[in-house]
Amino acid sequence: MIENSFDRRDFLKVLGWGGAAVTLSGCGFTSVQDGVETVVSYVEPPEYAIPGISVYFNSTCAQCDAGCNITGRLREGRVLKLEGNTSSTINYGKMCGLGQAGVQAHYNPDRVREPMLRGGEVLAWDKALGMINDKLSGVKGDEIAFLTGSVSGHVKVLLQNYLEALGTKNHYAYEAVAPSVVRAANKKAYGVEMPRLRLDKAKVVVSFGADFLGAWVSPVNFSQQYGKFRKAGDTGRGVLVQIESKMTLTGANADRWIAIRPGTEGILALGIIHALGAAGLSLPADVAAVSKAYDAARVTKDTGVSAEQIEKLAALLKERSPSLVIAGSAAEGYVHGSQNAAAINLLNSVLGNIGKTIEAPTNVPFPQVAVTTGNRSSVQALNDSMANGKVKVLFSYGANPVFTTPTALKFKENLSKVGFKVVFAHYLDETTQEADLVLPLDSALEDWGTSVPEYQGESAQLSIQQPLMEKLHANTRGVGDILLALLKQRRANEYKDYEDFYSYLRNAVVKNKSALGSAGEDDDTFWTGALSKGLVYFNGSKGSLSAKSSAAGIVLPAPAEEDAAYPLHLIPAVTANLRDGRHANLPWLQESPDPMTTIVWDSWVELHPKTAAKLGIVEGDIIEVTSRSGSIKAQAYLFPGIHPDAVSMPLGNGHVAMGRWAKDVGVNAFGILDQVVDKETGELAFNETRVKISKTGKRVIVVKDEGFIGGSQAGNKIAVRASTDEVELSGEV
Amino acid sequence: MSVSNMLENWSKFRHMHPVDDAPYTEYKWAMSIDLDACSGCNACSVACYAENNLAVVGKEKYNAGQEMHWMRIERYWDEDGREFPDQGAQFIPMMCQHCEAAPCETVCPVGATNHTADGLNSQVYNRCIGSRYCSANCPFKVRYFNWYDYPTTNNVWPDEMTQQLNPDVTVRGKGVMEKCTFCVQRLERAKNNARTEGRLVHDGEVQTACQQACPTSAISFGNLVEPESKVAKQWAHQQVELAAKDAQAKDEQEGGSDLRGYRIFEELRAYPSVMYLERVRESAI
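Protein chains in written order, with this note's numbering: chain A, 1 to 733; chain B, 1001 to 1285.
It is possible that part of the hints are untrue.
[Claimed, not checked] Dumping the calculated DSSO-like pairs for lysine-lysine here, alpha-carbon to alpha-carbon at most 27 Å:
1. A:Lys140 to A:Lys496
2. B:Lys1230 to A:Lys228
3. B:Lys1233 to A:Lys698
4. A:Lys231 to A:Lys717
5. A:Lys203 to B:Lys1230
6. A:Lys228 to A:Lys201
7. A:Lys698 to A:Lys633
8. A:Lys228 to B:Lys1250
9. A:Lys488 to A:Lys513
10. B:Lys1230 to A:Lys717
11. B:Lys1059 to A:Lys663
12. B:Lys1061 to A:Lys633
13. A:Lys231 to B:Lys1233
14. A:Lys301 to A:Lys496
15. A:Lys140 to A:Lys187
16. B:Lys1230 to A:Lys201
17. B:Lys1233 to A:Lys717
18. A:Lys633 to B:Lys1059
19. A:Lys203 to A:Lys513
20. B:Lys1059 to A:Lys695
21. A:Lys188 to A:Lys496
22. A:Lys663 to B:Lys1061
23. B:Lys1059 to A:Lys201
24. B:Lys1250 to A:Lys717
25. A:Lys231 to B:Lys1250
26. A:Lys717 to B:Lys1059
27. A:Lys392 to A:Lys356
28. A:Lys471 to A:Lys663
29. A:Lys169 to A:Lys412
30. A:Lys390 to A:Lys356
31. A:Lys390 to A:Lys614
32. B:Lys1174 to A:Lys717
33. A:Lys301 to A:Lys692
34. B:Lys1230 to A:Lys231
35. A:Lys187 to A:Lys695
36. A:Lys228 to B:Lys1059
37. B:Lys1059 to A:Lys698
[Stated by the list, open to error] Residues of chain B clear of chain A, computed beta-carbon distances all greater than 12 Å:
38. Leu1035
39. Arg1075
40. Gly1111
Everything labelled a hint here was simulated from the structure, so no lab data went into it. All C-beta atoms in this analysis are idealised placements derived from N, C-alpha and C, irrespective of residue type, glycine included.
Next up, chain A with everything else stripped away, as it sits in the complex (with noise of 0.2 Å):
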């Protein structure tokens, strides 16, 4: 077509008209011709980086805990997408969204550049480090924190000897929105914290508000289980039951969701076994013997959960086994949080789930490098100390406990007591703020280091952490490197032979390469392929675990008293794209809607229709909620999937601080939250808070994705459902 019908003279005049309107406007045709960019030819092109071809690199997501496997695309040297690395065996290939925006929080410009003083003046990398081994003279070790998120791998490794070299055993690990309760739970009745959860071998998985497709220990894993579980193959398709008073993202795909009246999870999970004991399962004695009060019209009073509704839960777990009952933040969070997560876990044993979908997690041979998690109730003890007077010097890597601890715990104002606050940060949050000295951190893509997961797939593996791409700003350093600098002024001799932390990593991971499946590779062939695939594993003995649930000692208290003066129950919830908050400054997520209320860019307070009616709220109105110890003011969104006692706000937004997306977007509902802590483990009680509800007079538009006619499909068939008898589900492809 083309050599018949081109006319190349007509096509010339009309390109010279073209070239004649650009002449007038620049030199020429190009912003290379026109000087406003040049082109620079490599007279020795760095290694992989050829122009207009992707190069990709393994190396591990650090945007929550889970951990994922990841594989970086780049091109020309810039790292431009995060994919999930499809040899993992804990995302296996996949990624969620929160992963997606790592590259915002590597390419972000709110980023800490140089090491500042209070007040921003800016110093050099030797007087920072100087000034820290200055102001740890004199001072005795117990008199030194240190505080982190969880850690695990080489840097653990290094954070202890330099611990051990402050002759200080302060370190408090803290998680703002860990399950640790439930953790604690586990531990006694399976005897590990966190066993491996068999949805894709589960027939029917009951959840007490654990959101594990959304923010709940390793969302993508379970979810690439629940995309298997929903299948047909061959033991059916499995069968998803949620309880609990807010709808999260799980419950929103639950085959049926089951509002409960909050805190009374542990009793239905007892009604549940009761009912199960009436239909013919035969229950140890013990067992029987507690269940024998929670009979089916207490359980219905006590809960809310009608008496069909329990016999027809206890029937389907009867008839399809083996089941799986999880224990999740919404059961946990209460005074009687550990009793609540013990009765849940009950139900697993009674059904004899433990060791079929329950399963035991590969040991991690090396304790050194396996995981610290951290908890709330270590923020607290930090918080005591530095009261008292007893914190001289605080170091903190990864938490903002100002943002995230309640405004009732005063963790501001016991850390203005602290001598010499040294803060490593990614962003000027509200922690670091009120730091002596900021030590500005390496991203995530640009560090070296290791480490190792809470929740493991199929086998104990080692996560290897690996620059994508050349650090954007100078003086930024790896968590690792500065560690290690910190212990070079204590044990010079004993880490001279490491010139950064990449040696000490590389040498520390050769050196058990045994240990690491490899025993026979030379030390090159074994560390490069280690890094080509992103992770080694562990040669660790499959562990076992030790089923002693018991009924003993769980003991429940009745359900909740009105509280006249604050009548309604404040559920904050984790959402999976701002957790704790510490990712709120990166826009993707803020544009990325809330999948349960569509809204973006903002806070908001979920009421059911029917309390709003009872108040006179609409959606939009202003409304100012009210708790013991604070009150914050936030937009109303009508929201069915929650129980209409209670109310629920989302955590992470709310900042004064941390940078320009952050800042000024929503309100802080960690503030308002009351110091109550579960009775057992003294983790702090999230859902414990009462609240009361006022109008302001304002009423604001909801900035959402759904339309004005909210989730109505105004009689189209758009997202079409079927029940299980429609549809022939075998076969399908």
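Following the hints, put chain B in place on chain A, whose structure we already have.
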């Protein structure tokens, strides 16, 4: 192509889509999404932002309906007046359906949106004059217009953030329409590689960004011409035909059938290239 050539050979160039007289021979890209596996988590949407250089517009412009999410998750509730949505919510990923008889294509005054030889509904940015007729005519509301010049707007791609932009994908300026392309840059690369090796693209060789990220593997994508591809098998099993003349097999049966594949707004005869599989809920609980 000169005008005279076009006029002389008009009958040869003119196609009605879907094409019965000249069926696809090498590629026809299509998708299937299992709503029973989709959890509504939004990972696909963020992956799309990363892959396709989508602008983050901020709260104010979002409120004005100027968001640019090529891939969005719609969430619906049951409307039968129950106290609680006790069978969960209905999530559906929504993006350009790449209709065979696309209502957007016929109304473009400048031919900026048109059908490609491998069955994509393509959008030619530098041909687009911004009439927005296509968006008005789209039954799925999946076309997004650049009301502003985002590359020069404050805090859209500040400083270092420009380095994240995917060089395989244009950054769109003010006044053009954009939408899901089925990651055409990935398709082109795969097709070029295959062509160099004298073969067709294998099933699974190319993934769209949303499919690649999807944590529950709810999205399948591939070549409908290749009968062994997963997507072709899924369409065949569900008896969904690309160009069903009147109704799909599922709809022809009295009271519906036990199949669960359907396309949205089948009755409009736009013949979308995306098949959804109905969400399923257990009847025993």
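Against the structure, the hints come out as follows:
1. A:Lys140 to A:Lys496: Holds - the C-alpha atoms of Lys496 (chain A) and Lys140 (chain A) are around 25 Å apart, at most 27 Å.
2. B:Lys1230 to A:Lys228: Holds, at roughly 16 Å.
3. B:Lys1233 to A:Lys698: 55 Å, violated
4. A:Lys231 to A:Lys717: With a Cα-Cα distance of about 23 Å, the restraint between Lys231 (chain A) and Lys717 (chain A) holds, given a limit of 27 Å.
5. A:Lys203 to B:Lys1230: 26 Å, holds
6. A:Lys228 to A:Lys201: 9 Å, holds
7. A:Lys698 to A:Lys633: 10 Å, holds
8. A:Lys228 to B:Lys1250: Holds - the C-alpha atoms of Lys1250 (chain B) and Lys228 (chain A) are around 25 Å apart, at most 27 Å.
9. A:Lys488 to A:Lys513: Distance ~26 Å between Lys488 (chain A) and Lys513 (chain A) Cα, so the pair holds.
10. B:Lys1230 to A:Lys717: 25 Å, holds
11. B:Lys1059 to A:Lys663: Measuring from Cα to Cα gives roughly 13 Å; hence the hint holds.
12. B:Lys1061 to A:Lys633: 23 Å, holds
13. A:Lys231 to B:Lys1233: 16 Å, holds
14. A:Lys301 to A:Lys496: 68 Å, violated
15. A:Lys140 to A:Lys187: Violated - the C-alpha atoms of Lys187 (chain A) and Lys140 (chain A) are around 35 Å apart, more than 27 Å.
16. B:Lys1230 to A:Lys201: Between Lys1230 (chain B) and Lys201 (chain A) the Cα gap is close to 24 Å, so the pair holds against 27 Å.
17. B:Lys1233 to A:Lys717: 24 Å, holds
18. A:Lys633 to B:Lys1059: At roughly 18 Å apart (the allowed maximum being 27 Å), Lys1059 (chain B) and Lys633 (chain A) satisfy the hint.
19. A:Lys203 to A:Lys513: 40 Å, violated
20. B:Lys1059 to A:Lys695: 24 Å, holds
21. A:Lys188 to A:Lys496: Violated - the C-alpha atoms of Lys496 (chain A) and Lys188 (chain A) are around 44 Å apart, more than 27 Å.
22. A:Lys663 to B:Lys1061: 18 Å, holds
23. B:Lys1059 to A:Lys201: Not satisfied, since the Cα-Cα distance of roughly 43 Å exceeds 27 Å.
24. B:Lys1250 to A:Lys717: 14 Å, holds
25. A:Lys231 to B:Lys1250: Distance of about 21 Å is within 27 Å: holds.
26. A:Lys717 to B:Lys1059: With a Cα-Cα distance of about 30 Å, the restraint between Lys717 (chain A) and Lys1059 (chain B) is violated, given a limit of 27 Å.
27. A:Lys392 to A:Lys356: This hinted pair is violated, its Cα atoms lying about 50 Å apart.
28. A:Lys471 to A:Lys663: 26 Å, holds
29. A:Lys169 to A:Lys412: With Cα atoms ~23 Å apart, Lys169 (chain A) and Lys412 (chain A) stay inside 27 Å; holds.
30. A:Lys390 to A:Lys356: 48 Å, violated
31. A:Lys390 to A:Lys614: 50 Å, violated
32. B:Lys1174 to A:Lys717: 34 Å, violated
33. A:Lys301 to A:Lys692: This hinted pair holds, its Cα atoms lying about 24 Å apart.
34. B:Lys1230 to A:Lys231: With Cα atoms ~15 Å apart, Lys1230 (chain B) and Lys231 (chain A) stay inside 27 Å; holds.
35. A:Lys187 to A:Lys695: This hinted pair is violated, its Cα atoms lying about 45 Å apart.
36. A:Lys228 to B:Lys1059: The hint is violated at about 37 Å.
37. B:Lys1059 to A:Lys698: It holds: about 19 Å lies between the C-alpha atoms, which stays within 27 Å.
38. Leu1035: 7 Å, violated
39. Arg1075: 6 Å, violated
40. Gly1111: At roughly 17 Å from the nearest Cβ of chain A, Gly1111 (chain B) sits farther out than 12 Å, so the non-interface label holds.
Checked against the numbered hints given earlier, the structure breaks hints 3, 14, 15, 19, 21, 23, 26, 27, 30, 31, 32, 35, 36, 38, 39 and satisfies all the rest.
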